[in-house]
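Novice: Chain by chain, the residues:
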Amino acid sequence: MMHPIIFNTTLEEALNLVGTFAFAESGALLAVRKNYDLVGMAVLALITAIGGGVIRDVIIGAIPPAAFTDASYLWIPLFAVGLTFFAHPLLNRLNAAVLVFDAAGLAVFCISGATKALIYGLGPLPAITLGTLTAVGGGIMRDILAHDQPAILRVGSELYALPAALGATIIVILARFPGNDSLMVGLTAVFVFLLRLFALRYHWKGPRPWRTTSH
Amino acid sequence: MMHPIIFNTTLEEALNLVGTFAFAESGALLAVRKNYDLVGMAVLALITAIGGGVIRDVIIGAIPPAAFTDASYLWIPLFAVGLTFFAHPLLNRLNAAVLVFDAAGLAVFCISGATKALIYGLGPLPAITLGTLTAVGGGIMRDILAHDQPAILRVGSELYALPAALGATIIVILARFPGNDSLMVGLTAVFVFLLRLFALRYHWKGPRPWRTTSH
Amino acid sequence: MMHPIIFNTTLEEALNLVGTFAFAESGALLAVRKNYDLVGMAVLALITAIGGGVIRDVIIGAIPPAAFTDASYLWIPLFAVGLTFFAHPLLNRLNAAVLVFDAAGLAVFCISGATKALIYGLGPLPAITLGTLTAVGGGIMRDILAHDQPAILRVGSELYALPAALGATIIVILARFPGNDSLMVGLTAVFVFLLRLFALRYHWKGPRPWRTTSH
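Protein chains in written order, with the UniProt record's numbering: chain A, 1 to 215; chain B, 1 to 215; chain C, 1 to 215.
No lab work stands behind these hints, which were simulated from the structure alone.
Chain A residues, not near chain B, derived (Cβ > 10 angstroms throughout):
1. E13
2. A96
3. A151
4. R154
5. V155
6. L166
7. A175
8. F177
9. S182
10. F191
11. L200
12. R201
Pairs of lysine-lysine residues, derived as BS3-like cross-links and limited to a Cα-Cα distance of at most 30 angstroms, are as follows:
13. B:K205 / B:K116
14. C:K116 / C:K205
15. C:K34 / B:K34
16. B:K205 / A:K34
17. A:K205 / A:K34
18. B:K116 / A:K116
19. C:K205 / B:K34
20. C:K34 / A:K205
21. A:K34 / C:K34
22. B:K34 / A:K34
23. C:K34 / C:K205
24. C:K116 / B:K116
25. C:K116 / A:K116
26. A:K116 / A:K205
27. B:K34 / B:K205
No residue lacks a Cβ here, since even glycine has one placed at the ideal position from N, Cα and C.
Next comes chain A alone, as it looks inside the complex (with noise of 0.2 angstroms):
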């Protein structure tokens, strides 16, 4: 039997939102540089915010997803739409703080998704799957809506998945053993987000299959 992980659930909240936000900016902004109009832009943004998640609940079965039940995960992307479809050259100025930001909804989405796939009784693999799944998901989504390859594939992109993955087995041993839970979560969501920033920062990339021949 785990053992339930107790979150602060207003800071979890409170960083969930910021997730939330972070991921529909960068789809919001992929979506200037591809020079969508206003529907594309909704689309990207809603697809990297809520996507990830909208998976997670439909294969646990916590219908309706979490996406279509509290407003706000539909609202904060419509806003950041708004906020983007006026001042989107001031945001790329601001890539670095979209990269901050992507980080903490990275760090937050793999701890939260892990944490409700044990909730609905998954074992740990599967949970870890999950939460991995609930962090990369909605960008995969996006590259794909916007025909481009998968950032997180991408030959020479920075560790994304693996800090993720790394967050949420954390995440399924904390479940095991009692204690101050909300301290643990929140290391390790500092551990994931300074993680993906130091790979992006000293260029840490993917272990590559050997190879013995050049091509």
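Please arrange chains B and C on chain A, whose structure you already have, making use of the hints.
Specialist: Leaving out everything else, chains B and C in the frame of chain A:
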């Protein structure tokens, strides 16, 4: 408490079948243009015709989705494939007719999608989102499978998702008031249908984010 | 009322594991060819191996999907990734073996997909559709994530979805008659398997819509 919309179910059923056929045709004809074989035609026709509705039903918990309980949602696309297999040179010349059918499908599906979401207890904004998704989801999946940029995002494309979103919004507003719903719903469908056709005719496009620099 | 098919569950389980491994290998090897890192290999291996089954389970309401309750559906792809990471030059030379494994997976998954759909009460045509989708869905998602045109749609590709659809159809017909099901199901699997291999060997392709003009 939402007021249940009273559809003219015979009319709704008839329009749903027209929309399914039109969407299937757009998939089958794209497969022909891409030089796919019969299997590829069936894949694109089915995904275009039932894709949006299946996603909606999975999200609201209408399991199994209507496309897998009412066999006409599968037979009609297969019929469209058979027809296209032999008559595609004719159908290609009827491109304008396909666009008119497609506009009918768009009008019907945004309404039936929003209505079904309301019936399953979703709030206004989620119902509008799902109504729009029902109308445009199949076409997006068609384009992704065919390795094209999704038509609704393409630069310079005429309004498509916006009429659907407006139609779903009107339905959500109507659902708050008792009255002659059947007539109002019919008028909404006509409005979406005509708005899409006018957009095609006069090349109405979505607003684009304000640019300060050329590029 | 449908007659429940009596599988040899040991055999079915063994074939399912072979199919899962084969599909995972096809994903991992594609990732190597695309020069992805370890994370990209895991993403493609997992999506190919479990993608089709997860969509089937979500549609029929088998929640959580088998891939998230039976851990071997996740461990086998991860094992395939580890193997490929070190041994991919060897595995690439074993390309023919991968195609044979993949044909086994195709045969198993179209049968188990159609059977599960029948058990969950779906009608004949929906069960055939879902059986086919179970067999080809993972490969389609693999190709979309890798930013390739889906292999089953590619011009000039050998029969792939058609053997799966035939296998699912035979299963649906068998389910209407009592009898030595285990033998018949086994023969169906062999039929699909051989049909796919013969199609590869003799370049059997799907029928193409009749053309009146060159282009």
